[in-house]
Amino acid sequence: MAVQDNIGERAPRASLLNDPVVRGIIYQVLVAAAVVAFISWIVLNTAQNLAAQNKSTGFDFLFRTAGFDISFTLFPWSRTSLYWQAFLAGLLNTLLVSIIGIFFATILGFTLGIARLSSNWLVARVATVYIETIRNIPLLLQLFFWYFAVLKAMPAVRESFALPLDIFINQRGLMVPRPLPDQEFVWVLVAIVTALIAAIAIGIWATRVRTATGRYPGQVVLAAKVADAIVSFLVALLAFSLLANMVRGISMPIMLGASVLVAAVSVTRFAPFGRATLAFVFGLTILYALLVAMFPAVPQLLIASGSAIGGLTMAWITFARATERPPSEGRFPFALLILIAVGIPSLVYWATGAQLAFEIPVLARFNFRGGVQLPPELVALVFGLTIYTAAFIAENVRGGIRAVSSGQNEAAQSLGLKEGDRLRLVIIPQAMRVIVPPLTSQYLNLTKNSSLGAAIGYPELVNVFTGTTLNQTGKAIEVIALTMAVYLTFSLLTSAFMNWYNGRVALVER
Amino acid sequence: MSQMTETTAETTARQSGMQVSKTDVAIDVIGMHKWYGDFHVLRDINLRVMRGERIVIAGPSGSGKSTLIRCINRLEEHQEGQIIVNGTELTADLKRIDEVRREVGMVFQHFNLFPHLTILQNLTLAPIWVRGIPKADAEATAMHYLERVKIPEQANKFPGQLSGGQQQRVAIARSLCMQPRIMLFDEPTSALDPEMVKEVLEVMISLAEEGMTMICVTHEMGFARQVANRVIFMDQGQIVEQNDPENFFSNPQHERTKLFLSQILH
Amino acid sequence: MTTDTAYIRDEFVPERPAPGRAGGPIMWLRANLFATPSDAILTVLGVIFLLWAVPPIYNFIIGHAVFPGGTVEDCRAEGAGACWAYIYARFNFFIYGFYPIDQYWRPNIVFILGAALILPLLIPTAPFKRINAVLFFLVFPVFGFFLLSGGVFGLSYVPTEQWGGLLVTLIISLVGIICSIPLGILLALGRQSDLPVIKTLCVMFIELWRAMPLITVLFMASIMLPLFMPTGTNVDKLLRALVGVTLFASAYLAEVVRGGLQALPRGQYEAGASLGLSYWKRTYFIILPQAIKHVIPGIVNNFIALFKDTSLVSIVGIFDLLNTVQAASSDIEWASPTQAVTGYVFAAFMFWIFCFAMSRYSLWMERRLDTGHKR
Chain A
1 MAVQDNIGER APRASLLNDP VVRGIIYQVL VAAAVVAFIS WIVLNTAQNL
51 AAQNKSTGFD FLFRTAGFDI SFTLFPWSRT SLYWQAFLAG LLNTLLVSII
101 GIFFATILGF TLGIARLSSN WLVARVATVY IETIRNIPLL LQLFFWYFAV
151 LKAMPAVRES FALPLDIFIN QRGLMVPRPL PDQEFVWVLV AIVTALIAAI
201 AIGIWATRVR TATGRYPGQV VLAAKVADAI VSFLVALLAF SLLANMVRGI
251 SMPIMLGASV LVAAVSVTRF APFGRATLAF VFGLTILYAL LVAMFPAVPQ
301 LLIASGSAIG GLTMAWITFA RATERPPSEG RFPFALLILI AVGIPSLVYW
351 ATGAQLAFEI PVLARFNFRG GVQLPPELVA LVFGLTIYTA AFIAENVRGG
401 IRAVSSGQNE AAQSLGLKEG DRLRLVIIPQ AMRVIVPPLT SQYLNLTKNS
451 SLGAAIGYPE LVNVFTGTTL NQTGKAIEVI ALTMAVYLTF SLLTSAFMNW
501 YNGRVALVER
Chain B
1 MSQMTETTAE TTARQSGMQV SKTDVAIDVI GMHKWYGDFH VLRDINLRVM
51 RGERIVIAGP SGSGKSTLIR CINRLEEHQE GQIIVNGTEL TADLKRIDEV
101 RREVGMVFQH FNLFPHLTIL QNLTLAPIWV RGIPKADAEA TAMHYLERVK
151 IPEQANKFPG QLSGGQQQRV AIARSLCMQP RIMLFDEPTS ALDPEMVKEV
201 LEVMISLAEE GMTMICVTHE MGFARQVANR VIFMDQGQIV EQNDPENFFS
251 NPQHERTKLF LSQILH
Chain C
1 MTTDTAYIRD EFVPERPAPG RAGGPIMWLR ANLFATPSDA ILTVLGVIFL
51 LWAVPPIYNF IIGHAVFPGG TVEDCRAEGA GACWAYIYAR FNFFIYGFYP
101 IDQYWRPNIV FILGAALILP LLIPTAPFKR INAVLFFLVF PVFGFFLLSG
151 GVFGLSYVPT EQWGGLLVTL IISLVGIICS IPLGILLALG RQSDLPVIKT
201 LCVMFIELWR AMPLITVLFM ASIMLPLFMP TGTNVDKLLR ALVGVTLFAS
251 AYLAEVVRGG LQALPRGQYE AGASLGLSYW KRTYFIILPQ AIKHVIPGIV
301 NNFIALFKDT SLVSIVGIFD LLNTVQAASS DIEWASPTQA VTGYVFAAFM
351 FWIFCFAMSR YSLWMERRLD TGHKR
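Chains as they are written, first to last, in this note's numbering: chain A, 1 to 510; chain B, 1 to 266; chain C, 1 to 375.
In short, the hints are calculated from the structure, not lab data.
Heads up, a few of these hints could be off.
[Said to hold, decoys possible] Simulated pairs of lysine-lysine, DSSO-like, Cα-Cα distance not exceeding 27 Å: (1) B:K135 x B:K157; (2) C:K293 x C:K281; (3) B:K95 x B:K135; (4) A:K225 x A:K418; (5) C:K199 x C:K293; (6) B:K150 x B:K135; (7) C:K293 x C:K129; (8) A:K225 x B:K135; (9) C:K237 x A:K55; (10) B:K150 x A:K418; (11) C:K281 x C:K199; (12) B:K135 x A:K418; (13) B:K150 x B:K198; (14) A:K225 x B:K95; (15) B:K198 x B:K157.
So that you can see chain A by itself, here it is in the shape it has in the complex:
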């Protein structure tokens, strides 16, 4: 391959061959000719080979009956389905596992990335060990581990592990309840969307008014106070019912009374005491439940007292934080927005008499009845992709945060901005510029890596189409061209997004 550039100009010489422009053209013609010759040679060979094997070309096979089974599809599949439906099934499965994986990997990756920067040595160390272990082991090996060593080693159906929320896990995968909405439930969905939009709109409006006038609108402040009380009541109710689970003898009236008390306190200047109480109850109950589950061998009394100490510490921290909170006039009305987003749909649910039943998986004679059965291949693939990609996302997040110089934070501090505002207005907007482009390419990588599902039998695009379909039809060129087209599309969409994003956020420099 010949390459020429025009950096550094020289005086033109007499000979045409030494003129850089002419030379450039000659080089290009030569290279183009070589490439064309090479491709024709390949095409010729292929044609000969296909003729020798008596094979035809063309995409008509897509409309023939596939005649094989796909273990897991998002739409009804039968052996009479066509090959293009197989293609679609594979593509949808690829997208399904990618979207689920991206969702979890983002959460885990951001958590780990922030943990790695923690000032707490232990937390930072644990995150580092995770990252350095996971990203130095091939993904395929990790998938094999999750699939063959963990999920296939799960107990048989009869001895399924029961997880919380009526979820069961066994050799055949994860059994989760199936939601069964009735016709009225549509209204609830409409209400959810409307309420969400309303909450966001109110949030934006409140912020605008706050910026323009220096204070949040009066109606919002009033509503926020009411919302605070209601949310406090609900949270308190949750806390006390958790407590009632742990300690016998707390009756419903006591719970209600205590919750009303907390709610009433929350609008007075003694609000920090209410919050501290709730923090104590949450700390105690959650820690207790967690520890009892993790260390069954330790005496419960010991665990209970340990949890109580944990709860007290939580209460102390919460109290200190709560006393530093500005009065509700100066606060963004979070409680109000959450109440709108959650409360309105609940009201609609109650008013329309809609029903959302859950079909709970029940162990029958040989297998589970009811519920949704997520195949172990899907579960293993989601696990593997999430855990693997999260390690890389964590590194991007860490890099992005570290790219914001400490001077930025110091300048914001010296202007008197509080921690929340510093993060929201100065640190996060700058860090996200650095994080988003590599994050998108991690998402693309995850999507491409989902093709490894083929190795553990998850019916994604490569498995169903490039594997089974190609084997059955022998249409190597067509099948591979279609597969390539799919991945190329993903890739081009990603880089189009990145170009758009980079153009939008690029820092203006001289």
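Given chain A, work out where chains B and C should sit, using these hints.
Chains B and C alone, transformed into the frame defined by chain A:
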């Protein structure tokens, strides 16, 4: 361990038989020590700054000058002694720290403008979110200060489009927008090209003329001579010598001061 | 002379340790684990997590593990940990695959020679870099191929189907990187070229390969390559995978090298041109040596990714390290509840050692180059 250092104003006050009013003290640092891990960076710092005083801190690099003024708005915490700013003692209490930071402006060596915001947004960010000033008012104030630092035409540009001198002037204006009672300058001209130093110093001089309480860490000895009430010389984390600029430059007493001055004044 | 504003320190304040922080370890604990109440909570949660997670892992890997010398009955016992005895018994299979046992000395020579050649290449101060590089990149692969494959000089012929285990993993990744370096450099130069035809071709090539998952590339190589060749040509299975891996790796390498080319100050190009050197001489003597030096960490990181990716060749039926482990896990003779997990842990450890060492090397080089740049 050492006698309390006194200021001109204080001395005059005592000589004329008046009590030093607490409200006249802007900053009071009493017996302050600071460590970075095991490294003793600041040792027995005693410094009282009266309102309207202009103090220049000089000293070799690594002598703790920057650390001292970063302690004054708690960008660094001290381990021993007291720092009282505008009557508020700095402790771990976040409320007090916020209180102090609202009244103390700081200008950094590397400007630290927010690169993702326009100049105007840089200037109005804190007034809007810290002081709760309506946006229109904050912008009017911002334009006022941009005019004072002579770059109102740059309001809608981004920091990256400005020269170093312009950026530093914006940084000064950004601090002024919070209407601070005290300004801290941490080597504001060290990162600038020589021809830009002047434009920044001019802004600082005009601030001084208006009576702003200022503490400047700087190597600009001309500036010190012109505007400072006091020059403080620090070495090895301690205040070695202080004097009014005239005596400080013409008649340094301490060996280290003499050595330092001989190195920077040719 | 001095006025009463003046103050002179007569004696220096001596340095003393920070108050309340006298003890080293206690100070460290306070600063790093218990700085704030929320830190303390995180620390406690972390300790709880470690107490919960570490003992079972320790017991599996060491505490209750069955070490070489143990029998399969020990591994089958209730509560037994990793069955290292099984790894020990199948170790040769994991390293050499189906390579004939009496010929093990041949891969061994290749291993030793490779290590002896690559170590001085990785140490920046070691002498004879040029000769060393020629030996490693040109002579060693050819020599290694003939030694392993045989059929000449009286060596018995060993078809590639019998190669396997770590040997194949190393072969694929080494050949992949060695062949992709020149290809990647050419592609990077092409992408930076001002000639539209060449630039377009290079961009298309690079972007196409980078868009594909390696597994489709391998499928393509194993299915399409025989179709592309003249009728009757038989392309070795390992060779097909090698072609796929090389093309794939070269596209990624091209992007790394491009980064190095773009990072070079424009003055270097201009200085080269002003000396009257032709394009190729300029590139060879001035541009590439600097650009490559800058991207060594990037190339090593690329190599790590490639090394991990070689495990995918097991999908097209080549017996690399992962595939030998996978195949051995259905070995009835050693069947036990922990057999599969032990195999995976072993393979993971092998991959991890190589990748971790390389990533540390790349970090070290990066730091070294960084300081070199500043001075």
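Index of numbered hints that the structure contradicts, given in increasing order: 10
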